[in-house]
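There are 2 protein chains.
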Amino acid sequence: MTYATTAPALALDDLHASLTDPVLDAMNFLNEVVARFPDALSFAPGRPAEGAFEVEDLARHLRSYTGHLERSLGWSRDRVRTHLFQYGRTNGIIHELIARTLANDEGIHVPPESVVVTTGCQEAMLLTLRALFARPEDTLLVSSPCYVGITGAARLLDIATHPVPEGAGGPDPEAFRTAARRLRAAGRRPRALYVVPDFANPSGTSMDLAARELLLRVAAEEDLLVLEDDPYGFFVRAGSARPTLKALDRERRVLHLGSFAKTALPGARVGYVVADQEVVGRDGRRSLLADELSKIKSMTTVNTSAVGQAVIGGMLVECGCRLREANAGAIAHYAGNLATLLGELERNFPEERRRRLGLSWNEPTGGYFLVVDVPFAADHAALEESARTFGVLWTPMSDFYTDGGGEHRLRLSCSALTADQIVEGVRRLARFVESRAAGPAGSR
Amino acid sequence: MTYATTAPALALDDLHASLTDPVLDAMNFLNEVVARFPDALSFAPGRPAEGAFEVEDLARHLRSYTGHLERSLGWSRDRVRTHLFQYGRTNGIIHELIARTLANDEGIHVPPESVVVTTGCQEAMLLTLRALFARPEDTLLVSSPCYVGITGAARLLDIATHPVPEGAGGPDPEAFRTAARRLRAAGRRPRALYVVPDFANPSGTSMDLAARELLLRVAAEEDLLVLEDDPYGFFVRAGSARPTLKALDRERRVLHLGSFAKTALPGARVGYVVADQEVVGRDGRRSLLADELSKIKSMTTVNTSAVGQAVIGGMLVECGCRLREANAGAIAHYAGNLATLLGELERNFPEERRRRLGLSWNEPTGGYFLVVDVPFAADHAALEESARTFGVLWTPMSDFYTDGGGEHRLRLSCSALTADQIVEGVRRLARFVESRAAGPAGSR
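Listed in order, the protein sequences are those of chains A and B. Here the first sequence is numbered in my numbering, starting from 1 and rising by one per residue. Here the second sequence is numbered in my numbering, starting from 445 and rising by one per residue.
If you're looking for bench data, these hints aren't it; they were derived computationally from the structure. Since we're looking at a predicted model, the values are computed, not measured. Mixed in with the good hints, there may be bad ones.
Pair ranges (Cβ atoms, derived) [said to hold, decoys possible]: (1) B:Thr464 - A:Arg184: 23 to 31 Å; (2) B:Glu514 - A:Glu174: 53 to 61 Å; (3) A:Glu424 - B:Asn472: 52 to 60 Å; (4) A:Ala185 - B:Gly849: 42 to 50 Å; (5) A:Gly51 - B:Ala654: 54 to 62 Å; (6) A:Arg184 - B:Glu665: 49 to 57 Å; (7) B:Arg694 - A:Pro165: 50 to 58 Å; (8) B:Glu476 - A:Pro8: 38 to 46 Å; (9) A:Gly51 - B:Pro609: 53 to 61 Å; (10) B:Glu514 - A:Gly51: 34 to 42 Å; (11) A:Ala52 - B:Asn806: 55 to 63 Å; (12) A:Arg286 - B:Arg480: 17 to 25 Å; (13) A:Leu73 - B:Ala612: 42 to 50 Å.
Coverage of chain B stretches by chain A, computed from C-beta distances (three or more under 8 Å per stretch; other residues unrestricted) [what the hints assert, rightly or not]: (14) 469-479; (15) 564-574; (16) 609-620; (17) 733-743; (18) 747-753; (19) 771-782.
Ideal placement from N, C-alpha and C gives every residue a C-beta, glycine not left out.
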């Protein structure tokens with residue numbers, strides 16, 4: 001593209017600081033690399049598998065939803081039409097279906113009014129952060145490495161984040177406690193903590209039941225709210241599903257962030273947050289936090305697309321609000337892919353070879369991701385070389401650490417590949433790793 | 445709803461200050477009053493007319509869009525499926541159709557890459573404000589009275605706004621100049637100004653061509669960007685449509701905010717911003733402002749719903765990207781309604797009566813709204829009384845002034861009523877006004 005030379009240009013330095021923040025650049029860089037090497041096998045993006053989706057399904061889902069309104073709720077045709085046409089309820093129109101699904105699938109029992117339907121889970125994060133973070137000293141604790149969606153949203157709102165290193169068992173409750181106390185001693189106000197308890201993005205780690213219970217205790221003792229993000233919880237490879245933090249929450253400390261992108265349809269852009277906390281005004285008036293989030297949502301997107309909600313609503317109606325059962329095929333797909341990926345890593349890097357190379361990886365019990373520790377800098381330059389010369393893409397882990405770290409780690413996502421692609425992808429990855437390991441010592 | 449007494453409550457004072465801001469409360473209050481008096485005739489909300497919309501149309505629009513991809517662009521079935529299913533391009537998938545429509549309807553010629561498709565125009569405002577406002581001293585000038593969507597979004601981001609009183613001819617360029625200079629002298633940085641040039645919400649005023657040209661000159665001389673919001677421009681009652689500021693913009697000073705809520709389908713929640721400004725990094729690298737907005741959008745909603753975009757895309761395909769022509773029926777409807785409203789005001793308040801009452805109103809040449817100056821406080825209490833006793837709803841203008849003002853003004857919206865409803869509504873309004881005017885002097 002060419003530009004007229006007379007137009008005044010804006011200085012990037014003069015725009016909001018988030019635009020020059022590496023967190024915000026990371027996602028764009030990855031998208032751009034993926035686009036530049038369309039023939040590479042990609043372990044990079046956390047894309048959901050497309051399963052049996054067909055475009056024609058959209059019309060069926062819409063009919064399922066409007067049929068539900070007409071037949072189950074007895075709505076008139078005119079009312080249904082207005083419902084889909086007009087600006088609607090700020091907090092969404094499928095909150096009751098979502099509440100029923102959460103009860104069926106997760107044993108989470110909350111009033112439908114506490115469910116805020118959002119334009120994807122990302123908006124849920126934005127609303128939640130905006131509501132809870134009021135003062136300059138308010139700080140969000142994040143388990144690190146951390147999903148860039150939450151740190152990026154915090155950056156947009158100029159909210160301070162503080163990384164808390166996870167352990168092999170995922171987010172570390174005692175480390176959160178220590179961090180909260182230290183921050184408080186330094187005059188900051190630790191306000192909430194963010195965790196992905198199941199098969200975290202990016203590390204694939206999970207919290208066991210004892211860690212979940214301890215985290216809730218720490219949150220209560222340190223007066224922290226818990227932002228629980230659980231997009232991958234259905235996708236168990238080994239063992240059984242564990243209760244979400246929200247299902248264990250007796251004190252309404254947990255805000256449960258949800259997504260239909262992995263379990264239903266990313267293109268609908270529908271997510272939600274359960275915010276059943278009570279809010280008390282100066283005059284003693286009480287409201288639900290969800291109602292406060294509604295005020296913010298009216299200034300971010302006004303409504304979530306009624307059309308998008310109707311499609312997801314139709315899918316929920318079709319499965320009787322039992323989305324976990326409806327995901328049986330997807331669960332098997334992701335579990336099989338992760339097993340294949342682990343098996344191929346083992347086959348390509350038998351013990352003797354990986355000891356020689358200084359290579360290791362973790363073995364997540366579910367989800368989309370695992371992490372490989374490599375004997376070289378897994379940076380953007382290495383990724384380019386891997387894509388160009390070896391035809392395989394992955395994600396540098398360092399993008400997920402806000403204060404440095406992860407320089408010798410890479411994330412592999414196997415969600416949207418076939419078994420054959422995984423086999424070939426690991427073969428290519430092995431060649432790339434071998435070439436790097438044989439490279440100059442300086443590349444380490 | 446009952447709450448367990450053991451749950452810790454959050455103090456509203458401890459949440460973000462926007463939640464106790466009257467701007468954010470205003471919209472919610474109005475929605476709530478409308479809901480409480482469902483039988484009242486409502487001149488309150490700026491709801492689009494539903495026209496001939498039927499639920500089944502959604503499936504047709506989806507087919508029109510996918511047909512366009514397959515037949516006009518030659519896409520494979522698989523590619524179309526992925527396009528609708530997956531996470532997609534951050535800045536949207538119907539940007540080319542929107543660019544073509546802007547060229548046809550508005551004579552706005554911009555590269556499709558400069559169009560950012562958003563979750564309604566509200567997200568476009570949020571992204572734009574976030575990108576442009578970087579420092580505490582950065583200030584947004586808004587023509588006052590002002591649409592609460594922009595002042596609310598600024599409040600969410602802790603961005604300072606400065607109201608600039610409009611005149612009878614709408615936003616006042618020289619007043620913007622004076623305000624910018626004063627702010628600069630006081631150490632602030634006036635960064636951009638926000639205007640609705642056509643049939644503004646809430647006042648119904650419009651800028652003539654000379655005012656538009658002068659505004660662009662003032663913006664250039666005072667180094668201000670212009671945020672142009674133009675949801676009502678099609679809906680001309682008298683005279684002819686005027687060029688948008690963006691169509692007149694030779695310097696790329698104007699960011700053009702657009703909505704399909706009034707011209708296509710509110711329930712799709714699709715809007716956009718044209719951001720063809722050039723941005724220069726410290727290293728000399730150049731980008732489009734639209735690309736910078738994309739980084740922010742990836743942290744607010746990631747994508748605009750592909751399903752919502754496909755519905756709007758299908759509508760654009762169906763009308764050959766000539767949305768103004770497709771709106772001929774809507775244009776006639778709104779023009780007719782506004783003429784009826786003006787005629788009924790005249791009929792119910794003939795000159796002698798309105799002189800006695802101290803009543804007057806403006807006569808917008810198009811759009812949804814007009815303003816009545818009344819001889820009593822048009823506040824929330826008056827609105828409640830009007831709804832309860834007289835069965836008619838309107839909007840207090842004072843909600844649209846951020847620094848006081850408009851206490852004796854009310855907004856009437858006639859967009860979603862029938863002619864009969866307008867006739868009956870004005871009759872009720874006249875009884876209400878008469879009762880107030882006859883009331884105690886203290887109510888003035």
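Against the structure, the hints:
1. B:Thr464 - A:Arg184: 23 to 31 Å: Holds, since Thr464 of chain B and Arg184 of chain A (Cβ atoms, about 25 Å apart) stay within the stated range.
2. B:Glu514 - A:Glu174: 53 to 61 Å: holds, 57 Å
3. A:Glu424 - B:Asn472: 52 to 60 Å: holds, 55 Å
4. A:Ala185 - B:Gly849: 42 to 50 Å: Distance hint for Ala185 of chain A, Gly849 of chain B holds at roughly 47 Å.
5. A:Gly51 - B:Ala654: 54 to 62 Å: holds, 59 Å
6. A:Arg184 - B:Glu665: 49 to 57 Å: holds, 51 Å
7. B:Arg694 - A:Pro165: 50 to 58 Å: holds, 54 Å
8. B:Glu476 - A:Pro8: 38 to 46 Å: holds, 45 Å
9. A:Gly51 - B:Pro609: 53 to 61 Å: Given about 57 Å between the Cβ atoms, the range holds.
10. B:Glu514 - A:Gly51: 34 to 42 Å: violated, 21 Å
11. A:Ala52 - B:Asn806: 55 to 63 Å: holds, 58 Å
12. A:Arg286 - B:Arg480: 17 to 25 Å: Because 19 Å falls inside the window, the suggested range holds.
13. A:Leu73 - B:Ala612: 42 to 50 Å: This hint holds: roughly 49 Å between Cβ atoms.
14. 469-479: Our answer is that it holds, as 4 residues pass the Cβ test (under 8 Å) against chain A, meeting three.
15. 564-574: n = 5 at 8 Å, threshold three: holds.
16. 609-620: violated (count 0)
17. 733-743: It holds, with 7 qualifying residues against the three required.
18. 747-753: n = 6 at 8 Å, threshold three: holds.
19. 771-782: With 0 residues close enough to chain A, the hint is violated.
When each numbered hint is compared with the structure, violations occur for hints 10, 16 and 19.
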